[in-house]
Amino acid sequence: MKISYDARGLAEPEAQAPRVATIEEHTAADGGTVLRATFDAAGLSTRQINLELRRLVYDEGITDVTIRNPGAKHSIAVGILARCAITIDGSLGYFGCGLIDGPEIRIRGRVGWSVAENMMSGVIVIDKNAGSLAGAALRGGDLVIRRDVGARTGIDQKGGTILVGGDAGMMTGFMLQRGRQIICGNVGGGLGDSMYDGAIYVGGKVASLGVDCVEAELTRSDDEFLDRKLGIYEMKRPAAFRKFVCGRKLWNYDNLEPAERKLVL
Amino acid sequence: MCGIAGIIHTGGTGDIGSELTRMLQSMKHRGPDSSGFALYGPTSDMLVMRIKLADPNDARDFGWADRMERHRNEIESRLAKLGAVIDAVHGDQEYSYRVRFSYNGELKPLADYVEDVPGCEVLSLGHSLEIVKDLSDAASVAERYQLNGFTGTHAIGHVRMATESDVDISGAHPYWAYPFADIAVVHNGQLTNYHMWRRRLERLGHRFQSACDSEIIAVYLAQKMADGLTLETAMKQSLDELDGVFTYLVVTADALGMAKDEMAAKPLVLYESDDLVALASEEVAIRAVIGREIDTHDPYEREVLVWHR
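Residue numbers (this note's numbering), protein chains in the order written: chain A, -2 to 262; chain B, 521 to 829.
If you're looking for bench data, these hints aren't it; they were derived computationally from the structure.
All figures in this text were calculated on a predicted structure; none of them were measured in a lab.
The beta carbon of each residue, even a glycine, is placed where N, CA and C say it ideally should be.
Watch out, some of these pointers could steer you wrong.
Said to hold, decoys possible - A few chain A positions that, by computed beta-carbon distances, are all more than 12 Å from chain B: (1) Pro15; (2) Val17; (3) Thr35; (4) Thr63; (5) His71; (6) Leu89; (7) Gly99; (8) Asn115; (9) Ala134; (10) Met167; (11) Met172; (12) Asp194; (13) Glu212; (14) Asp220; (15) Phe238.
What the hints assert, rightly or not - With a Cα cut of at most 25 Å, we get these calculated SDA-like pairs of lysine to any residue: (16) Lys202(A) x Glu823(B); (17) Lys202(A) x Pro819(B); (18) Lys125(A) x Ile810(B); (19) Lys756(B) x Leu206(A); (20) Lys226(A) x Met172(A); (21) Lys125(A) x Lys601(B); (22) Lys628(B) x Ser656(B); (23) Lys202(A) x Ala785(B); (24) Lys125(A) x Glu792(B); (25) Lys548(B) x Arg44(A); (26) Lys601(B) x Met566(B).
Kindly generate the complete structure, drawing on both the sequences and the hints.
This is the structure we're talking about:
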């Protein structure tokens, strides 16, 4: 028997792309024409929105898509593996834009938890706030949040850059493995707890440092990097940045140094 | 997982019944086991008591309907015995019961005497608080109990994915702070020092009906307020005295509050405007009552916020 109904309303195995987008021709900067697609997500389910987006990007080959009225739905624009520009004209719920490789996404509202999870490359710019776990396991690309983020930003980040215009919550950069985070505002307690590598730049106050996170000297190349990244996204640079890196005390467990291990843990 | 939601009209009243239903229904995926509402209607001198006569899961034998009827009559006669003057009675389900009465005495002996009827549980008691909770999703519960059109100032609700205790009405939220009038709590999370606090509160004479950790939060806060603390101070103390991960919402006759644990492990999204505050585990719930694009944010760890109607 074919199952077509899930009591929790999660699965829609028979959903089809609704084909509701309007596609218009625009003149590009180089004089050629580009196709732009726009569709209203208000009456659509999560699966229908994603199917429509995939149809436009993969089947129609359109590289500029705008989604209106996303209504803070979850798991929108996930797993898009193509170079394209996506504009989300509103707010997203959880797990937005995860597992993407290539798109440049602009979100005009706020996002919930776990935005840009495991992003491989591309750019995501969020105009308002983000929830916790923004950029979890980020592998590459730029994740820009213009206002505040929740807790555990960039947990297990393995590459790329996270830029936050406002404040960040506790355990920011928890288990950071590689990549960089630029927080223009204040950060909560336990900054960079158990980080392995990478760098966190903070423009505001730091409530407390996590285990094995230490302050390092801000070099000229750091300065240039900050100027360049903040410049790209036209973000205001705070008066002074502090740099935090791994203290490397947790890199090795050495039986000969039990006292130090105890101290670190 | 569980989902929690709250709404307060700071400058008037609204159709909180259907508002909260829409909020909870949009979070059905967070917990389809049971749904509950704590609603604050207009305050009156009379008391409203919501009672569960039996659990919908209970096996129904031939004498079941008669027994429900008998227990209903027994409750009415017990209320009369204690000097309560019944104004109106109403039953949405065979196993649920609402009674409005005037009464001037202590609440605890009254609630204890009612709960002494076999199978009975007092779900709520207060001058404006009414708790409705039952199995299944929010829209079904709201329809069963005719909550659309319930006008009031503030409300909290919960959709439950049972993890620590049974799927029944006793394990469903919101929890009334038995026997303190007009106080209720919904909670998303787990308390790890639940047994310790339960024993402490039991030593003060409090009763607990379920094995659900969330049940202690309401009584914990109400006891602190009875000892003279403000709601906000009691909530701040709970951040240090309750262990585990939690985000909870609490409502009293005139206030709605939220508290988040020190790990910020459980989500909450907050929307504030001049005359309305809405909070929920997911923004999609807030958007269920506000159609337009809005500014929202996540409160940080150890945040305690209180709004008054």
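### Message
Just to be careful, I want the Cα atoms of Lys601(B) and Met566(B) compared with a cutoff of 25 Å; is the pair within it?
### Response
Judged against 25 Å, a Cα distance of about 17 Å means the pair holds.
### Query
Lys756(B) and Leu206(A): Cα distance at most 25 Å?
24 Å, holds
### Consistency of the no-contact label for Asn115(A), given chain B and a CB cut of 12 Å
Answer for Asn115(A): holds, closest chain B Cβ roughly 20 Å.
#### Entry: Non-interface label on Thr63(A), tested against every C-beta of chain B at 12 Å
14 Å, holds
### Given hint Pro819(B) paired with Lys202(A) - CA-CA distance at most 25 Å
Holds. Lys202(A) to Pro819(B) sits at ~18 Å (cutoff 25 Å).
### Task
Would you mind confirming whether the straight-line C-alpha gap from Lys125(A) to Ile810(B) stays at or under 25 Å?
Status holds; Cα separation ~18 Å.
#### Entry: Restraint status (C-alpha distance of Lys202(A) to Glu823(B) at most 25 Å)
18 Å, holds
### Beyond 12 Å from every chain B Cβ - status for Thr35(A)
Non-interface label stands for Thr35(A): nearest chain B Cβ at 16 Å, farther than 12 Å.
### Task
Measuring Cβ to Cβ, find out whether Asp220(A) lies farther than 12 Å from everything in chain B.
30 Å, holds
### Message
Confirm or reject: Phe238(A) is not an interface residue toward chain B, with every Cβ-Cβ distance exceeding 12 Å.
### Response
22 Å, holds
### Message
According to the definition I'm using, a residue is off the interface if its beta carbon is farther than 12 Å from all beta carbons of the partner; does Asp194(A) meet that for chain B?
### Response
Correct as stated: the minimum Cβ-Cβ distance to chain B is 25 Å, above 12 Å.
### Separation of Leu89(A) from chain B, once the least beta-carbon distance is taken, above 12 Å
Incorrect as stated: the minimum Cβ-Cβ distance to chain B is 8 Å, not above 12 Å.
When held up to the earlier numbered hints, the structure conflicts with 5, 6, 10, 21 and 22 and fits the remainder.
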